[in-house]
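*Asks:* Work the whole structure out from these sequences, hints included.
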Amino acid sequence: EADIYQTPRYLVIGTGKKITLECSQTMGHDKMYWYQQDPGMELHLIHYSYGVNSTEKGDLSSESTVSRIRTEHFPLTLESARPSHTSQYLCASSESVGVANTGELFFGEGSRLTVL
Amino acid sequence: KNQVEQSPQSLIILEGKNCTLQCNYTVSPFSNLRWYKQDTGRGPVSLTIMTFSENTKSNGRYTATLDADTKQSSLHITASQLSDSASYICVVSDRGSTLGRLYFGRGTQLTVWP
Numbered sequence: 001e002a003d004i005y006q007t008p009r010y011l012v013i014g015t016g017k018k019i020t021l022e023c024s025q026t027m028g029h030d031k032m033y034w035y036q037q038d039p040g041m042e043l044h045l046i047h048y049s050y051g052v053n054s055t056e057k058g059d060l061s062s063e064s065t066v067s068r069i070r071t072e073h074f075p076l077t078l079e080s081a082r083p084s085h086t087s088q089y090l091c092a093s094s095e096s097v098g099v100a101n102t103g104e105l106f107f108g109e110g111s112r113l114t115v116l
Numbered sequence: 001k002n003q004v005e006q007s008p009q010s011l012i013i014l015e016g017k018n019c020t021l022q023c024n025y026t027v028s029p030f031s032n033l034r035w036y037k038q039d040t041g042r043g044p045v046s047l048t049i050m051t052f053s054e055n056t057k058s059n060g061r062y063t064a065t066l067d068a069d070t071k072q073s074s075l076h077i078t079a080s081q082l083s084d085s086a087s088y089i090c091v092v093s094d095r096g097s098t099l100g101r102l103y104f105g106r107g108t109q110l111t112v113w114p
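In the order they appear, the protein sequences are chains A and B. Just so you know, we're using my numbering here: the first sequence kicks off at 1 and counts up by one. Just so you know, we're using my numbering here: the second sequence kicks off at 1 and counts up by one.
Since the hints were derived computationally from the structure, they do not count as laboratory data. You may find that some hints are simply not true.
A few chain A residues facing chain B, derived, Cβ under 7 Å [stated by the list, open to error]: (1) Asp38; (2) Glu42; (3) Leu43; (4) Leu90; (5) Phe107; (6) Gly108; (7) Glu109; (8) Gly110.
For each residue, glycine too, the CB sits at the ideal point set by N, CA and C.
*Replies:* Following this line, the structure appears as C-alpha cells:
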C-alpha cells in the first residue's frame with residue numbers, strides 16, 4: 001500500500017474559482033509529479049519536482065502552478081478554474097535510483113475535478 | 001518520435017480464462033518498462049518493472065515479457081478473476097536525461113465476466 005494521499009478525491013466547482021489540490025507522501029521521496037488523465041487517454045506530465053524548492057513544468061502545458069516547500073507536500077493550484085480544466089489529476093512520487101531510473105512510481109488515488 | 005502503443009484497446013474475457021495484452025514501443029534509449037493496473041477511479045498500481053537485461057518477470061498471476069530487440073512487451077494474466085477488471089497501462093522510461101522521461105500507453109481496458 002502506497003503512502004501517498006490526495007485531497008479532495010472529488011471536486012465540483014464553478015468557473016473562475018481558485019482551487020488547490022493537495023498531495024502528501026510519507027515515504028521521504030525526493031521526486032514528485034502531477035499527471036493529468038482524461039478518459040481513455042494516456043497520462044500527461046504537467047509538473048514535477050526533484051526536491052524542496054525545485055519545480056518544473058512537464059510536457060503538457062497547464063495553467064496550474066505547484067510549490068514544494070516541504071519534501072512531503074506538493075500542492076497544485078489553479079487560480080481561475082475553467083471547464084477545460086475538468087479532468088482527473090494524479091499525484092505520484094518516487095525515490096531516486098540511479099541513471100537507470102528504476103525507482104518505483106507510487107500514485108495517489110487521484111482528484112477528479114469538474115468545472116461547471 | 002518516442003511512443004508506446006497498446007493492443008487491444010479493450011478486451012472482454014470470461015472468469016478463469018487467460019489473456020495476453022500487448023505493448024509496442026519506439027522509446028530510445030531504453031531504460032525500463034513497467035506495467036500498471038488502474039482500477040476505475042483509482043490511481044495506477046505497479047505490477048512489474050523490467051530493465052534491458054530482463055525478459056520475463058512474474059507477480060502472482062501476472063507475467064510480463066520483454067523483447068528489447070523488437071521493442072515489444074506482453075502481459076499475460078492467468079486464471080482471470082473478476083477483480084482483474086481494470087485498465088492495464090504500459091509505461092516505458094528512457095535514460096536520455098536525468099528526468100528518466102516516462103512514456104505512457106493509453107492502456108488496455110480488460111473486463112472479466114462471471
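*Asks:* Work down the list of hints and note, for each, if the structure agrees.
*Replies:* Verification of the hints:
1. Asp38: This hint is violated: Asp38 of chain A lies away from chain B, its Cβ roughly 10 Å from the closest one there, beyond 7 Å.
2. Glu42: holds, 4 Å
3. Leu43: holds, 5 Å
4. Leu90: holds, 6 Å
5. Phe107: Cβ of Phe107 of chain A sits 3 Å from chain B, so the hint holds.
6. Gly108: holds, 5 Å
7. Glu109: Interface hint status for Glu109 of chain A: holds (5 Å vs cutoff 7 Å).
8. Gly110: Status holds, d = 5 Å.
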